[in-house]
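Taking the hints into account, I'd like the entire structure generated from these sequences.
In order, the protein sequence lines correspond to chains A and B. With the working numbering, you'll find the first sequence wraps up at 146, consecutive numbering, no jumps. With the working numbering, you'll find the second sequence wraps up at 146, consecutive numbering, no jumps.
Treat the hints with care, as some may be off.
To spell it out: a stretch of chain A is covered by chain B in this simulated footprint if at least three of its residues, at any positions, have a beta carbon under 8 Å from a beta carbon of chain B; those stretches are [said to hold, decoys possible]: (1) 17–28; (2) 79–93; (3) 127–136.
Selected chain A positions facing chain B (Cβ under 10 Å, derived; list incomplete) [stated by the list, open to error]: (4) Val53; (5) Asp54; (6) Gly56.
Quick caveat, the hints were computed from the structure, so don't treat them as lab data. Here the structure is a predicted model, which means the values were calculated and not measured. All C-beta atoms in this analysis are idealised placements derived from N, C-alpha and C, irrespective of residue type, glycine included.
There are 2 protein chains.
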Amino acid sequence: MTYEKPSVTVDCVVFDDRGRLLLIRRRNPPFAGQFALPGGFVDPGETTEAAARRELAEETGLQARDLRLVGVYSKPGRDPRGWTISIAYLVTTEEGAPQAGDDAAEVEFRSDWRELPLAFDHSEIVRDAVTMRAD
Amino acid sequence: MTYEKPSVTVDCVVFDDRGRLLLIRRRNPPFAGQFALPGGFVDPGETTEAAARRELAEETGLQARDLRLVGVYSKPGRDPRGWTISIAYLVTTEEGAPQAGDDAAEVEFRSDWRELPLAFDHSEIVRDAVTMRAD
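Structure (structure tokens):
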């Protein structure tokens, strides 16, 4: 018996010490041009934690230090490309200025993140991460 | 560009009020005949939480009440069938005696769970869930 399989992605919630949120502007569809959390597809042979570290480095140049699991996001329809489950981490990083790479057209720590519409269900992920930080 | 996709499963950690752990004895390979947590593959169109509730009901007859995310388990090689990522939940259930169904040959709350070798990385999942309960 074969099962249909989902795509699995990781998303990284990174705040700097001034409470700004690291956001990329997406280069590619879906949501091209919109702000989003850094992240991407998990590769075969890597853990989801390793995928989060790799995607963060590829898209922002920042090196992850600690990862805390925020949640698993799997609502049907959350990704227009099809069935996609995302694992979100709250990530602390090494010092340094972010630099856009890979799928990110721009990347920066934004202080106005509360007002920005984010791609996918990333606003929900950020809300959950903020609740977790407050614990 | 197409990506290779993982299978995604859910696993349920359920303790009764006497601290016994709900375990099934697996009917099918891999690990046929071994003890394991109730769980199974996530279906298209359902959330991972819904999958956990469904699998628990199918395999044990118990209805899930609350779910708390324990972790995401994605170490390469953790499932001999291939690339499989599991989402584990600590679950409270409605009252009732478990009854084996579906992939489970037997199901029961076991007080000797600390001494039993469990299938896959389920011992690691249980350890993490126990740490979480103690918080």
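Taking the hints in turn, this is what the structure says about them:
1. For the stretch 17–28 of chain A, the proposed coverage by chain B is satisfied: 3 residues have a C-beta within less than 8 Å of a C-beta in that chain, meeting the threshold of three.
2. Counting residues of the stretch 79–93 of chain A whose C-beta lies closer than 8 Å to any C-beta of chain B gives 6; at least three are required, and the coverage claim holds.
3. Only residues whose beta carbon comes within less than 8 Å of a beta carbon in chain B count, and the stretch 127–136 of chain A has 0; fewer than three means the coverage is violated.
4. With a cut of 10 Å, the hint placing Val53(A) at the interface with chain B holds, because the nearest CB-to-CB distance is about 7 Å.
5. Because the beta carbon of Asp54(A) sits about 8 Å from the nearest beta carbon in chain B, less than 10 Å, this interface hint is met.
6. Interface hint status for Gly56(A): upheld, as the beta-carbon distance to the closest one in chain B is roughly 5 Å, under 10 Å.
Hint compliance for this structure: hint 3 is the single one not met.
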